[in-house]
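These protein sequence lines map, in sequence, to chains A and B. All residue numbers in the first sequence are consecutive under the working numbering, ending with 583. All residue numbers in the second sequence are consecutive under the working numbering, ending with 392.
Think of the hints as simulated: they come from the structure by calculation, not from any bench. Small disclaimer: the values here were computed from a predicted structure and weren't measured. Hints should not be assumed to be uniformly reliable.
If you only want the chain B side, here are some residues facing chain A, beta carbon under 8 Å, derived [to be verified]:
no.: 1; residue: Phe40
no.: 2; residue: Ala45
no.: 3; residue: Ala47
no.: 4; residue: Phe48
no.: 5; residue: Thr51
no.: 6; residue: Val54
no.: 7; residue: Leu65
no.: 8; residue: Thr91
no.: 9; residue: Arg97
no.: 10; residue: Glu118
no.: 11; residue: Val121
no.: 12; residue: Asn125
no.: 13; residue: Tyr127
no.: 14; residue: Leu298
no.: 15; residue: Glu302
no.: 16; residue: Arg303
Between beta-carbon pairs, the in silico distance windows are [to be verified]:
no.: 17; chain 1: B; residue 1: Ala45; chain 2: A; residue 2: Arg543; range: 43 to 49 Å
no.: 18; chain 1: A; residue 1: Ala249; chain 2: B; residue 2: Arg117; range: 24 to 30 Å
no.: 19; chain 1: B; residue 1: Arg57; chain 2: A; residue 2: Ile94; range: 50 to 56 Å
no.: 20; chain 1: A; residue 1: Gln321; chain 2: B; residue 2: Thr67; range: 31 to 37 Å
no.: 21; chain 1: A; residue 1: Asp558; chain 2: B; residue 2: Phe37; range: 47 to 53 Å
no.: 22; chain 1: A; residue 1: Arg431; chain 2: B; residue 2: Arg57; range: 44 to 50 Å
no.: 23; chain 1: A; residue 1: Met253; chain 2: B; residue 2: Ala45; range: 29 to 35 Å
no.: 24; chain 1: B; residue 1: Arg57; chain 2: A; residue 2: Pro537; range: 17 to 23 Å
Just so it is clear, CB atoms sit at the ideal spot from N, CA and C, and this is done for glycine as well.
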Amino acid sequence: MSTPGLRKTGPVRKKYWTTLSRLANASALSLREEQFFLVLAVFIGLLSGMAVVCFRVGIEAARLWLLGSSLHPTFPRVVWIPVVGGLVVAVLVIHLFPRVRGSGVNQTKSALYIYDGYIASDTVIGKFICSALAIGSGQSLGPEDPSLQIGAGLASAIGRKLKLSRERLRLVAPVGAAAGLAAAFNSPITAVLFVIEEVIGRWSAGILGAVVLSAISSVVVERWFLGDAPLFRIPQYRLSSPAELLGYAALGMVGGMASVGFVKMVAYLRPAAKRLPNWTQYFQPAIAGLIIGLIGTRFPQVMGAGYDYMDQAMHGRFTWQLLVILAVLKIVATGLSFSSGTPGGLFAPTLFIGAMIGGAVGMFEQVYFPHLAIPVGAYALVGMGTLFAGIMRAPMTSVFMILEVSGNYSIILPVIVSNTIAYLISRSVQRVPIFDMLSRQDGLDLPSLEEEREMSVLRVEDAMGPQPPVVLSGFETLEQVRHDIAGQNTQNYLVRLASGNWAMLSRATIDTATADSRVPVATLISDTLPRIHPDFPLDSALREMREHPLLPVVHRADSAHLLGALSLDDIVRAYRSTGNHHG
Amino acid sequence: MEQVGERCGTCGEVLGKAGEPCRHCGAPSATYHPVTFIVFIVILAAAFGITRVVVTRFEHRQQDLATRWYDRGIAALQQNRPADAIIDFETTLAYERDNRTARLHLAQALIAAGQGREARVHLLNLYDTQPGDATVNLELARLAAASGRVPDAMRWYHGAVYAVWEDDPVRHRADARLEFARFLLDHNDTTQAQAELIAAAGEMPPSVDMQVSLGQLLMRAGEPRRAMNVFQHVLEVKRDDADAVRGAAEASLTQADYVTARRYYAELTRLNPKDDAAAHNTNLLEMVERLDPQARRLSANERDSRVLSAFGIAKDRMQACPALASALDLQTQMAELQRRANAKTLRADSEAVSAIMDFVYRVEQSAATSCSAGALKDEALLVLAQRGRGAK
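Pulled out of the complex, with its shape left as it was, chain B reads as follows (with noise of 0.2 Å):
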């Protein structure tokens, strides 16, 4: 780099003394006084006043239009105009860019017109400039688990879970966690979503559409004892919410208790009448309750009738259907059975008791799958059958 030293304006050689002219041309030697530098100073108060004035209502001006285009953004939302709102919410940034909302209202809005793509690059700046923003979490977690990305939506499902909440945090982070749990199941993810489940049990409000879901989802998570718990304490809280109960009658039935399940069902029936299907399990489950050999408090003479009921409408069955009449083995077993299947035999032998309520229960199954629909005996017996193998 060329070096520059202290020379003359005029004829350019190297000056001497500050003040004193060039001793080659004898030019003055410029030098400049202290009250220049308070006309500096003035000029630059004075600039400084007016440019803050200028800046001052201009701001003002973009806070009034990022408001105004906010605004119509969330109109538009509300009014389910995704397209409209894009645009109001790309406005809004135009005059206010750091405005977190806008901008996560501006990735809803993309989401719902079906352009995640680019939802996704405004939720990830956001997610950038705040990674504990739990709504972002939420969001981008949605996209991926749209998208398939399912170790990513996990990811950001964990993050919405345990990130701050700034509005209401208990009943967001339960619906997050619940939300998370349906993504579990939904991809078979059955341990991680009971985990999930029972965490979620322990700090949920005091919602009852949150507790009915909770139970429903531990229903779905081979929970049913849990889920019983929480339909009970919603019954006690409003004892006509009638998903609450028929979540019990699902789960007592699960449980096997057919007393309680019909209990529960009735009491759906009764809330709403034209539920058939609540009727019909009514029905079905007073007949199981009539044709169950282990209820309890039977004396032996009842359980012997039960069994011996019960192998006649399974051998009515089984001459009924076509496919299982020529089922060479059941007719082998059945010809067997039918020598024991007497009062006294079964006195006498408990085993023939468990051979023919076995041989009943297989009956049943077979001719649930091979055959036309039974009657309200068949299918009470095909519920007992069920019992065997734990929860529907």
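Isolated chain A (complex conformation) (with noise of 0.2 Å):
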């Protein structure tokens, strides 16, 4: 690889640059590639964490500029900034960064599974400027999607600088992905887990190892620019009774539903949207603007991101009846902004339906079991996390979340009760995820991690054969074995070291042998066989048959046990049965 920075220079600058060269190439610090992936995702951190800080501050100055510094904006500019907004922003989506559009998360996931990593850097500058603008302008959308493509985008293109491996190029959005949702959210564990669950879909220690860093250099410096407040003042809490957790239950099936729900109007009014004719893209934003400018009139909590009354709601600010309206206004909203193409996040607004919904069921239990104690801030908090595990689907990054924000551990029981039960009502009822769903809709065939996790691992016991009838041991002469073999089908026979390893000999081999029949069949084999076990996963076993098409399936505790044999056949068969594969 040519050190990169050299250019065509004069003859000075030329030999000064060749001595540097020299003394580069001497140095003991060149890295393979894959040790300099990891000192690059701690710089891909860096550069995201800065980016994402001034994303936020330009979110902030552009709704300083155009609503006011009011938290509740004056008529009419409640109204007819929003409107303007969204028209800026369609021509500059429409015009200049047609990839904008959306939340950022399945554009990220098509750079790693379609584009071999490739994210333009138009898409960066586009997605900072036009998710500024209309979140700025009020439109009911979140930060922290963009940050995640932000970042995405911002470690492609220093990827592609760098002249990255494919495999690698494919591999650095994802990990500028979590450095970006890390310091959107100031919570590393949840952007690692989000993308680990959303993004790539599988544990693997090089890529963990990468995104980590990543996320906790993002994270590093965003506090160091922004403090290190959390997002929200969370309440004391502590479960004081386990029937503390039917409340908690209650929450999670209104809040399951409250997802279905959700994920239904998006799932309408996306493709309706798209379906109307391309002149109304103009206005689409500026409809939803419109719409929402009118409900700031009365709910200015609705617009923008609305951090500040999710903190409210944990504290118990509103009335129970106002937080069920202002969680209907905020699907509502968010429904509209997204599906009419405004570039902008659902992560927030999901966070604030479930605050709005937590808080009122709280205080709803609060008013009518009043015996029961009930702490409204903590179901508003355990609200964001139910909400975000039936919209989002990720399980275990809504559980973590919810325990990184409050650092309180004795949520976790709540959390998960909560949690599963809106998970697994979102699940029976919405089938397809909504991240799956929306890149159906955009014609992308995207891997589903959801099914993806939920598929069976077949494993080695699922496809071995019973033991050979014939296992040698090596010490059997020529002419013995070929007597033994007379008269069998069998083209491969294992064959019993006495060091405790494996062997295999081919039919073919022992059959055209010139050695003297009188010495050890031993004497024919050249190397021994790999051993794998009956948890192994059958993939891993399938890198094994590449050179060896039958395998020995031993016990863990004596190699020399056999437990069966495993045979390419046998794979292909096993994998046919349980119909694994993507329709």
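Mind docking these for me? Both chains are given alone in their own frames, and the hints should help you get the complex.
Encoded structure:
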């Protein structure tokens, strides 16, 4: 690989760079790509963190400029600003940045699975500008998903510049995505889990290390600039009685149904908006903005991301009736904003809806079941995780997100109960998760990571055949073996060697051997077989099949104890019988 | 978890030493030189500088907005517009979330707007982060008291008294103690109120108003002597403080020091000639002094004369009140005492004095509850009757 930064210059400069290059070449700091990837992950994390800091500042600056400093913008500003903002964003998206539509999560997945890690640089710029304008003008969207895409885009650009291998270039986008999301949420664990769960879909030591490093680097720099105050002021909570879990179960049911309602609304509105004539795309964000602005004249809490109001909901600032109204209006507003093609994310609206629903359920129970001593703030907090589990269908992320945000381990039981119920309800009623649904609406066949998670993992024990009738010891003579295998159809024979290893002799080798027929057949063996065990994943065993058509399946505690044998036919038969394939 | 070793990016086989091409496909091994890291550092430094400028300007703007909305909120509070103040302080907190003062004012605005429940949430949040904040404790105590949560109120009041007051701690702590004592007296916890008031007396700032309040509360707590000390101390500093004079008069009266009480009521009348109650009390106490058979330095003749005079007043009272006129026991007792009610008997029989005065007091007390208002003399005898039962 050529040294980056070396370019054609005059004689003196060329001599200088040549000297420097020689020194660099001799330096012990030269790294292989895999090692360099980890260093790069830190760099991407730091850079993405700063980009997201600027993005968050940009959103706030846009809001101040467009809507003013009051939390209750005056009429008619609260109505015409989202309209004008929508128009401007539509023009920018249609003419300059067509790839910035959507939240950013599917776009990052597309980069990983379809475009070999490629995210155009103008996408980063466009996402930054358009999302900041959209959210700042009051559209009901969040900054986290765009932050994810900004981080992924930066990482992709850096990876291309450094001429990473194809494999690494594909993986560098999720590394940046984790960095972007971690900075947006101020939560590295949540970001790592979400990227692993929803973008990459697999756990691998190499990629996990890079993702973690980038997320941590990003959060470090984000906290450096914006402080380490959490997004919300979390009220103190302690589970005082197991009976409280029943209340959280009720929250899970309500949250699950609300999740389904939201996803179904997007499922209906988004394709409906796309079916309209093309010229309407200039006005769809503006119409969404108009409706949101009209809602905002009475309920300004619905506009923008709404973090301040989530905080207030957690501290009992609203009546339960108002909380219900805000939840419903936010579902409508977000559905409109997102379906109109306005760039922006779903994370913050999901948390908002969850906080409102959680607070409403908590306050309702507080009124009608006062003896339960319901902590409303805890319900709002758990509600956020509940809706996240029901809408995003990232169960692990939803649990750890609440733990990380609250820093309170005693909330884990209510979170698990509520999230699980919401997840199960959402799964049973809305079979396709929202991100898969969106990608299919866009005509992209991205892998469904939820389906992949739930696919059963085939193991050797599911495919292996019984012990072969003939197992050689290696001490038999060639003559004896030829006699023993005469009349059999088997083509390959396992040999249990004295050392405890295993080998294989093919029938052809036995038949065509020109050695003395009194010599032990062990002399014909050139190498040993890898040992596999019943619990091995079948695809691991398949890798070993390249050079060995038959493998011994042995006991873990006694490698000489043969449990069965595995052939390529066995493997193919096993995969066919389970029907594990993408339809 | 899947283990990934160092593999060739082209064919996927395991690589050898760093820098060597792949042994399987011959693809060159990618290596990265130190100059790459220098470029990283330069880019990071530039990005850091840009971000620093952006964030610094942003923070200044946020601070300006927070200050502007805070000032608006203070003005709204002072103009008694709690609804506007709530919006202003909430906006302040949107730009400066850790502004404790703004959050406290928001809580106060919410209380003023009748939204105690929401105020309590903010106050508890402040308490969680700084339990030693006396102002927060006091506001929580007031909320608890208004909601009837007596144990909570007592706990917060204790907190307010013993926590940290940043501004003028002596005055604020004394104020808190007085408010706490008032709360205790309202809930009939006289003993603890006395303890708080005695403690307050020991560290009261030199404020006339506060001293007068202290004296008044001591009176309510059944400590007229201590109250008298406080009022007299105030009057040494400010002779014409009407509240202190009134308090001293009441304290003297409660301790049956009628001479001193009359003097103070007379002073009160002088300070405020329109104070009819003070004038009446002055006249009343003059009558008490004239009728009191236990007054100091009385001769035996004068004492007997007063006893006989009191007996005559009581008889007139009985005759004027139908309820008493029909009371057989009183009539019987009166008839019996009539025989003894003369100067000669009184001089010889000291028990007759007690018997007659007990009868007089009994008549007046019965008449006070059963009959119409009596004359000034009757009222004076009633005062003397209550002397036997301690402070009013």
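Report task. Could you work out which earlier hints the structure fails to respect and list their numbers in ascending sequence? Result -> 2, 13, 14, 15, 16, 19, 23, 24
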